[in-house]
Amino acid sequence: MTDLWFGIQITIYGMGLVFALLALLWGLLALMVWLDGRRRAPAAAPEGVTAALEEVTAAPGVRLRGAGVEELAPEALAAIAVAVLAHASQEQPRGWQTAPAQPEGSAAVSRWVAAGRIRQTMGAVQRRRG
Amino acid sequence: MNAEFFLRLAQGPLNLTWQGLVMLGVAGLLFYLAIVRGYEPLLLLPIAAGAMLANLPLSPMLGDEGLLTVLYRAGIENELFPLLIFIGVGALTDFGPLLENPRVVLLGAAGQFGIFATLLLALGLGFTPNEAASIGIIGAIDGPTSIYVSSLLAPHLLGPITVAAYSYMALVPLIMPPVIRLLTSRRERAIRMPYSQRSISKRTRIIFPIVTTIVVGTLVPFSIPLVGSLMLGNLMRESGVVARLTGAASNELTNVVTLFLGLAIGSTMVGADFLRLTTLMILVLGMLAFAIDTAAGLLFGKLLSLLSRRGINPIIGAAGISAFPMAARVVQRVAAEEDFENFLLFHAMGANAAGQIASVVAGGVLLALMGGG
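These protein sequence lines are chains A and B, in that order.
Under our numbering, the first residue of the first sequence is numbered 4, with each subsequent residue one higher.
Under our numbering, the first residue of the second sequence is numbered 208, with each subsequent residue one higher.
Worth flagging that the hints you see were computed from the coordinates, not collected in a lab.
Hints are not guaranteed to be accurate.
[To be verified] Label pairs and their in silico Cβ distance ranges: (1) B/Arg394 - A/Leu88: 38 to 46 Å; (2) B/Ala281 - A/Val87: 53 to 61 Å; (3) A/Trp37 - B/Gly273: 53 to 61 Å; (4) B/Arg394 - A/Glu78: 47 to 55 Å.
Beta carbons are placed, not taken as given, at the ideal position from N, Cα and C, and that holds for glycine.
All chains should be modelled from the sequences, with the hints used to inform the complete structure.
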């Protein structure tokens, strides 16, 4: 009987603790997800886009040359300028990539590598035949 | 050439015992379940092999320097193997569905009720508190947690507890559907749940395992080994900077440790100790623990469904256990039986991921309450 009472106590405390801990985790997860959404929200706001356009249009060092550039709308010019700046600001990897990144996974071979191997093999066969 | 010489040659057959023969039969049954029926073969096959090798007469593998003894000391006595497996489980688990719908975390908590209900039943049957807690942990429906907790609280019951935990885990598709159908109406099973368009950033996915480890580890220090290992694996996966380690944890490490763990567990199934009434009771209690978990999750799902004005399908509550992702798939299958176009899988996966964390938390809480560790 003592053991059974002990078990009931363990059950009450145990389930209470498990629920309390997971409720706390729920709160934390909800907070993390909310902060995540809030951090990303300004980028999508229309005001933010307008401000960015103005900044980029006035940005130094971006010159667009070529036929028909004058005919482009200011918004299109701003978009191109943003793309150029974004590309320029990206940190380059240590070595220039000569192929798309290998997909994750131990045995996976990228389509790029596979296509290259097939081309090499076919070329060698054709040379031998020819 | 005297009689002693021939006796020495025939000592194998002469030392056969009926318990050993029965256990060879049990090993045969486990081989059948693993190979023919495909029930958790990755673990049941090594367990069966361990049981077979341990029950052959005068098996040197159980000697002081025998392979099975060495494996047991190296990975079970010090709880190393289950924790290494947890790193692999973490590397394989996607907590995205849980992050997209955090409220389902509570379904994971309800799914742990089977632990405590089984503990009560075991106490009623005369087991000691530590033994009852070890049997109850089968209700976590999580192999590594069961092994970890029972190796600390009642190592002499490790064999039957592990066999029950893994065998029933393989039987989730058979145990869950009848309980779901019994406790829910057709109308409830057909409730559709909308999908949120929320996408979770990589930053949040990386922060999640770190925050969970710190919070749960600080509040329940007994759970640090379990939650720490699980979240380490997940952090490696989500960070994306250690693809080789993630691959190794989820493949090579998990595979090697699963083999060693299975053999070591099988070696605990020696006939003289295993063939007792307590083993049969543990197997029955383990089955009840699974059913109670499913029922508790469902009933809590019903409560949430009521509170959300049928915004939640109660059967996702049944997925709030640790058998990942099998439980979620079973829930989807049952939902599709009522309404072929009802896609609950993602919600059920959220509850299932919550069950994974909740089982670890429950294991730590149980150890803390029992003063084990």
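Taking the hints in turn, this is what the structure says about them:
1. B/Arg394 - A/Leu88: 38 to 46 Å: Hint violated: Cβ distance 57 Å, outside 38 to 46 Å.
2. B/Ala281 - A/Val87: 53 to 61 Å: Given about 59 Å between the Cβ atoms, the range holds.
3. A/Trp37 - B/Gly273: 53 to 61 Å: 56 Å, holds
4. B/Arg394 - A/Glu78: 47 to 55 Å: At 53 Å between Cβs, range holds.
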